[in-house]
Amino acid sequence: DTGVSQDPRHKITKRGQNVTFRCDPISEHNRLYWYRQTLGQGPEFLTYFQNEAQLEKSRLLSDRFSAERPKGSFSTLEIQRTEQGDSAMYLCASSFSGEGYEQYFGPGTRLTVT
Amino acid sequence: AQKVTQAQTEISVVEKEDVTLDCVYETRDTTYYLFWYKQPPSGELVFLIRRNSFDEQNEISGRYSWNFQKSTSSFNFTITASQVVDSAVYFCALSEAGGGATNKLIFGTGTLLAVQP
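Top line first, the protein sequences correspond to chains C and E.
Just so you know, we're using my numbering here: the first sequence kicks off at 1 and counts up by one.
Just so you know, we're using my numbering here: the second sequence kicks off at 1 and counts up by one.
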């Protein structure tokens, strides 16, 4: 059983550079979520896809952030013009459609902006 | 607004002790779901349990048990006879329900459990 995978696991970038992360969900899941986790905090919701449609975006997701899920399978999260405040763990999760299904999380991508 | 509070930031116990992790939630929804996740030092969040708001039965799974009380808006988690491998950060989370719900999770700030040998 293949779980959620994320790539890369770690990314160090300089302020002002663009970065892109990839998430491959569990193949049977049509819902995909992105969360951000900073040190000592719980994950915070960023955005959500049902198949290829992006149905909700958090206010945390500034204009510098964009996410896609072009064929309803893998997803990418791009951050343009990175800032030091973007340093965090970016988590991807997937689930079945429907009410209350548990989400399964990937290992995360740890972003450090210097 | 929905909110989850985990007042215990850190708990340290000695192996074989029982430990209870507290979770208090706020929501105006009548239908909702509650979850517990474990985040070991490796970092990956591991799903432990889901409970819907209509099911107040307590649940036991091995050394783990959960106590859901709507009257006090609490969903507490007890580990019996703790082991070193239980050392992790534990998160309680809440999601909305109903038509069109995204099921996004609202997490608490987590409780770091350290089990000493």
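These are calculated hints, taken from the structure and not from any lab test.
Hints may be right or wrong, so weigh each one.
Anything over 10 Å on all C-beta distances counts as not near chain C; from chain E, calculated [stated by the list, open to error]:
#1 A1
#2 R28
#3 S61
#4 S87
Below, in silico cross-link-like pairs of lysine-lysine (DSBU-like), each with a Cα-Cα straight-line distance of 35 Å or less [to be verified]:
#5 E:K70 / C:K71
#6 C:K11 / E:K70
#7 E:K16 / C:K57
Every residue, glycine too, gets a C-beta built ideally from N, C-alpha and C.
The hints, checked one at a time:
With a least beta-carbon separation of about 13 Å from chain C, A1 of chain E lies farther than 10 Å from that chain, consistent with its non-interface assignment. Even its closest Cβ contact with chain C, about 17 Å, leaves R28 of chain E beyond 10 Å, as expected for a residue assigned away from the interface. Chain C leaves S61 of chain E outside its interface by the beta-carbon criterion, the shortest separation being 14 Å against a cut-off of 10 Å. The Cβ of S87 of chain E lies farther than 10 Å from every Cβ of chain C, with a closest approach of about 17 Å, so its non-interface assignment holds.
Distance check on the hinted pair: K70 of chain E and K71 of chain C sit about 41 Å apart at the alpha-carbon level, beyond 35 Å; violated. A threshold of 35 Å between alpha carbons decides the hint, and for K11 of chain C with K70 of chain E the separation of about 43 Å lies outside it, so the pair is violated. This hinted pair does not check out: K16 of chain E and K57 of chain C have alpha carbons roughly 44 Å apart, beyond 35 Å.
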